[in-house]
Amino acid sequence: MTDAGVAARRWRAQDVVEGALAAATRLHGCAVLVRETSEAVLRWANSTMTTNGHTTSGRVTVVAFVAVEGGVAAGVASSSAAVTAAGQLAELVAAAEAAARDAGPAEDAAPLPESAGDDRGWDEAGAETSIGVFGPLATGLSEVLAGPQRQSGFASHELTTTWLGTSTGLRRRWVQPTGSIELNAKTPDLAGSAWTGASTADFTDVDVVALAAEAARRLEWGRRKVALPPGRYETVLPPSAVADLMVYLAWSMEGRPAQEGRSALAGPDGPRTGERLTDLPLTLASDPAAPGLEYEPFLTASRSGEGISVFDNGAPTRRVEWIKQGVIGELAYSRAEAAEFGTAFTPGGDNLLLTGGSSATTADLVAGTGRGLLLTCLWYIRPVDPATLLLTGLTRDGVYLVEGGEVVGEVDHNFRFNHSPLDVLRRTPEVGATERTLPREWKDWFTRTAMPPVRVPDLNMSSVSLGR
Amino acid sequence: MAPVDDPADRIDPQFRALPLTALADAALGRARELGASHADLRVERIVSQSIDLRDGRVTGIGDSTTVGLAVRVVVDGVWGFASHVELTPRRAAATAERAVEVARTLAPVAVERVERADEPLHAGAVWVSDYGVDPLLVPTREKVELLVERSQRLLAGDGVDHVHAGVEQVRECKFYADLSGTTTVQQRVRISPTITATAVDRAAGGFESMASLAPPAGRGWEYVTGEGWDWDGELREIPELLAEKTKAPTVTAGPTDLVIDPTNLWLTIHESVGHATEYDRAIGYEAAYAGTSFATPDKLGTLRYGSEHMHVTGDRTVPHGLSTIGYDDDGVATTEWDLVRDGVLVGYQLDRTFAPRLGLERSNGCAFADSPHHVPLQRMANVSLRPDPARDTTTEELIAGVERGIYVVGDKSWSIDMQRYNFQFTGQRFFRIEDGRLAGQLRDVAYQATTTDFWGAMDAVGGSSTWRLGGAMNCGKAQPGQAAPVSHGCPAARFRGISVLNTQEEGQ
Numbered sequence: 020m021t022d023a024g025v026a027a028r029r030w031r032a033q034d035v036v037e038g039a040l041a042a043a044t045r046l047h048g049c050a051v052l053v054r055e056t057s058e059a060v061l062r063w064a065n066s067t068m069t070t071n072g073h074t075t076s077g078r079v080t081v082v083a084f085v086a087v088e089g090g091v092a093a094g095v096a097s098s099s100a101a102v103t104a105a106g107q108l109a110e111l112v113a114a115a116e117a118a119a120r121d122a123g124p125a126e127d128a129a130p131l132p133e134s135a136g137d138d139r140g141w142d143e144a145g146a147e148t149s150i151g152v153f154g155p156l157a158t159g160l161s162e163v164l165a166g167p168q169r170q171s172g173f174a175s176h177e178l179t180t181t182w183l184g185t186s187t188g189l190r191r192r193w194v195q196p197t198g199s200i201e202l203n204a205k206t207p208d209l210a211g212s213a214w215t216g217a218s219t220a221d222f223t224d225v226d227v228v229a230l231a232a233e234a235a236r237r238l239e240w241g242r243r244k245v246a247l248p249p250g251r252y253e254t255v256l257p258p259s260a261v262a263d264l265m266v267y268l269a270w271s272m273e274g275r276p277a278q279e280g281r282s283a284l285a286g287p288d289g290p291r292t293g294e295r296l297t298d299l300p301l302t303l304a305s306d307p308a309a310p311g312l313e314y315e316p317f318l319t320a321s322r323s324g325e326g327i328s329v330f331d332n333g334a335p336t337r338r339v340e341w342i343k344q345g346v347i348g349e350l351a352y353s354r355a356e357a358a359e360f361g362t363a364f365t366p367g368g369d370n371l372l373l374t375g376g377s378s379a380t381t382a383d384l385v386a387g388t389g390r391g392l393l394l395t396c397l398w399y400i401r402p403v404d405p406a407t408l409l410l411t412g413l414t415r416d417g418v419y420l421v422e423g424g425e426v427v428g429e430v431d432h433n434f435r436f437n438h439s440p441l442d443v444l445r446r447t448p449e450v451g452a453t454e455r456t457l458p459r460e461w462k463d464w465f466t467r468t469a470m471p472p473v474r475v476p477d478l479n480m481s482s483v484s485l486g487r
Numbered sequence: 133m134a135p136v137d138d139p140a141d142r143i144d145p146q147f148r149a150l151p152l153t154a155l156a157d158a159a160l161g162r163a164r165e166l167g168a169s170h171a172d173l174r175v176e177r178i179v180s181q182s183i184d185l186r187d188g189r190v191t192g193i194g195d196s197t198t199v200g201l202a203v204r205v206v207v208d209g210v211w212g213f214a215s216h217v218e219l220t221p222r223r224a225a226a227t228a229e230r231a232v233e234v235a236r237t238l239a240p241v242a243v244e245r246v247e248r249a250d251e252p253l254h255a256g257a258v259w260v261s262d263y264g265v266d267p268l269l270v271p272t273r274e275k276v277e278l279l280v281e282r283s284q285r286l287l288a289g290d291g292v293d294h295v296h297a298g299v300e301q302v303r304e305c306k307f308y309a310d311l312s313g314t315t316t317v318q319q320r321v322r323i324s325p326t327i328t329a330t331a332v333d334r335a336a337g338g339f340e341s342m343a344s345l346a347p348p349a350g351r352g353w354e355y356v357t358g359e360g361w362d363w364d365g366e367l368r369e370i371p372e373l374l375a376e377k378t379k380a381p382t383v384t385a386g387p388t389d390l391v392i393d394p395t396n397l398w399l400t401i402h403e404s405v406g407h408a409t410e411y412d413r414a415i416g417y418e419a420a421y422a423g424t425s426f427a428t429p430d431k432l433g434t435l436r437y438g439s440e441h442m443h444v445t446g447d448r449t450v451p452h453g454l455s456t457i458g459y460d461d462d463g464v465a466t467t468e469w470d471l472v473r474d475g476v477l478v479g480y481q482l483d484r485t486f487a488p489r490l491g492l493e494r495s496n497g498c499a500f501a502d503s504p505h506h507v508p509l510q511r512m513a514n515v516s517l518r519p520d521p522a523r524d525t526t527t528e529e530l531i532a533g534v535e536r537g538i539y540v541v542g543d544k545s546w547s548i549d550m551q552r553y554n555f556q557f558t559g560q561r562f563f564r565i566e567d568g569r570l571a572g573q574l575r576d577v578a579y580q581a582t583t584t585d586f587w588g589a590m591d592a593v594g595g596s597s598t599w600r601l602g603g604a605m606n607c608g609k610a611q612p613g614q615a616a617p618v619s620h621g622c623p624a625a626r627f628r629g630i631s632v633l634n635t636q637e638e639g640q
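These protein sequence lines are chains A and B, in that order. Add 19 to the 1-based position in the first sequence for the working numbering, that's all there is to it. Add 132 to the 1-based position in the second sequence for the working numbering, that's all there is to it.
Don't read these hints as lab results, they were simulated from the structure. Check before you lean on any hint, since a few could be wrong.
Unchecked claim - Here are a few chain A residues that sit away from chain B, every Cβ distance over 10 angstroms (derived from the structure):
no., residue
1, R31
2, V194
3, D298
4, A363
5, Y399
6, D431
7, D442
Unchecked claim - Computed footprint of chain A on chain B; a stretch qualifies when at least three of its residues, placed anywhere within it, have a C-beta under 8 angstroms from a C-beta of chain A:
no., stretch
8, 405-419
9, 444-457
Glycine included, each C-beta is placed from N, C-alpha and C at the ideal position.
Next up, chain A with everything else stripped away, as it sits in the complex (with noise of 0.2 angstroms):
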């Protein structure tokens, strides 16, 4: 790290993998994770590009397994130094001894997962994306940032490759595509905003004159601005809304919390599963296999926390139902957490598909609504009450007033809402067709879902908003 003039030579992944598994050996066990990210980034503001970009980065996670008095004990170190030299990756896995030893025994202590077989990607290098990417987009770009609206954006291209390494011999690779578009569209007197998004694995599927098309049809739809209280309405959600409540709700969907009461999923006698919410046949799942949706098919973990363990890095993922036709499902649990309340282990997800309803598109949902709202996007969602799963958060770029099955207006201003994902089930009378869409609120940490629109009888807007 300190040479003077030269460039060292940097590891391959591979090779980082195994010198850090010989440096281990003295260990109970040990576990070496390492991800290279190659991201393309584009970004547009007041209808010039602002900051674009190519980065390529590294971490090399160490997770050591330490046998001391009571049990076996784990810590982890990590960096995103390049790794040129052996003793680096013995500093590491020093550091991740000296962090389990002083840990003590671990209470999510389990064997380490045994290799399932040889991983045929292993010997592979990292995959690379290049701004060329966004190619397909040029053009469209560049004409939509030439139209009369006031134009924001970003696009984003990350392949991600983990290599995964443990001392029981088990090699796993996978390369995980991550992508989104969104733009974000204003008249030039800046009263009327309008967002649109995608999800995507390779901008491939990407039609930003398409989007931008429908971006440009809801600031039309804006011409007509009418002014509502607040008040509950009758609300037909997007999809893009729609998956920024199931995640939440997914995420809240650990074991143990349900299982010491202390989880809006915990009931007088333990975990609510097998509590139905509604009569309809929705299912909220997570799967690995989920197709265009795809994540990684073994779990990787860099800590421990609660539905998580890195004593199970490397176990395979797998389909998860949280909600099975409308009955509360699986909640999240590690295989040590499994043991301990005598339940299945059951791994996180990292996409999330609610299906079960019609054939009926959000524009058939509009249609069939007599008096009542359409929402673009929601925002800033946070937790209010986690005993009842109450969020509150704002309607964003466009809250769209529906009579006689068709929109006939803006909102002029947006909503702030107080409202649970689970009452979102529990009084759902028509949910449509499911397809991938981008969750405005938690792209950055969540792109990978599938969703329906939904009609809400009664969302509860408990405020305007002046925000546009």
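Assemble chain B onto chain A, guided by the hints.
Below, chain B alone, put in the same frame as chain A:
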């Protein structure tokens, strides 16, 4: 500034051992050769550790190190940026080449040309934040034992069923050099200790929690052992306060007079004033993501933000502030300035690029990048509400001026819209005020307002003895996202007729 004899002695030896001068020579020299009118190099080493416990047992200890170098250039009026993890002169020069290449590639589509405010030269400057004991040099076992003991102490309290505790510690070392000749080496330390008690009512099917009010701070391990916070006193109080909260009556919704403690008000300032006075937001640079601001530059000097008691400053200089530093990521010496004076908007937070656009000759030093792999942005200073300059009004005196109201203590939930108008906050503890005195806790409380209405309803601020720093370790902004630490100082303050919600009723 840190009152130490030789600040350089405190800087992480592993950081000092890096070939900083050689990296700067290589990167800046190559950038100049390639035609850059401006170039700067940052080299950073950020070391952190998090320790988490549940019910007195460690659930995780994680140590993390982030290192790298970043080169930023201006070529023909266009920014270019590149970064790398390898800290060698050859790689530094190559990274400068990449940054120039980015600038040249973007030139055809860049409508705006970069102009930067002037800044005096700061050659060889060294700055270290004001802390006692570097927490990352304290043996981890010692830290764990302290957290275990505190967790067990809380768990022993009547009615406490679960305790979550933790501490996050960061040491950030930063080297900056630019073509004008400024070079700075800086180190700052910050720490965030947390502890929360939870009571579960199985029979009724509910639960309630209460967290320590201790904010994260630009301090060292001494903060956790008692300097700057009375941990023993607070841990003694929490079980009883939690038990009272679980049995407290539910609040009656409606307009209510509030006295807000600094432990809660800091977050309201952060969201409704701090973000709203970020100049890049105000002119649309965050329109698609974090949002814009109602406080647009055309209203500078005229916007009635709040009552005449409202005097808000920005600074990056207050001791123990999380945003405090000697020189920003533009090489600008940090300072303090007014944002709202006598209730009127009078200033913005700026970097060297935005200062000229506002017609100012100097930046006020708000450039910050959260890692060597991110480009510096205008980020939040410590945005703080001044106490009453005329009288040291106590919190009790503020409460005495309320016939029926609520005293709000500690932060919990927060949400605000994309133009910073409408917000809703909850808290840790809500005390009913009756006839000017506290009369037990309430539950299910949230307060909600429009920013200018709220600050306009502030009819009194406490004196300097009520002033306290709050803050957050991870304020988010930009795409790709960056997290910044920031503090906010404020006194207790009194607000008339604020909309209070009953969260149980809201959820029905």
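The hints, checked one at a time:
| no. | hint | verdict |
| --- | --- | --- |
| 1 | R31 | holds (15 angstroms) |
| 2 | V194 | holds (19 angstroms) |
| 3 | D298 | holds (21 angstroms) |
| 4 | A363 | holds (21 angstroms) |
| 5 | Y399 | violated (5 angstroms) |
| 6 | D431 | holds (13 angstroms) |
| 7 | D442 | violated (7 angstroms) |
| 8 | 405-419 | holds (count 5) |
| 9 | 444-457 | violated (count 0) |
The structure shown violates the earlier hints numbered 5, 7 and 9.
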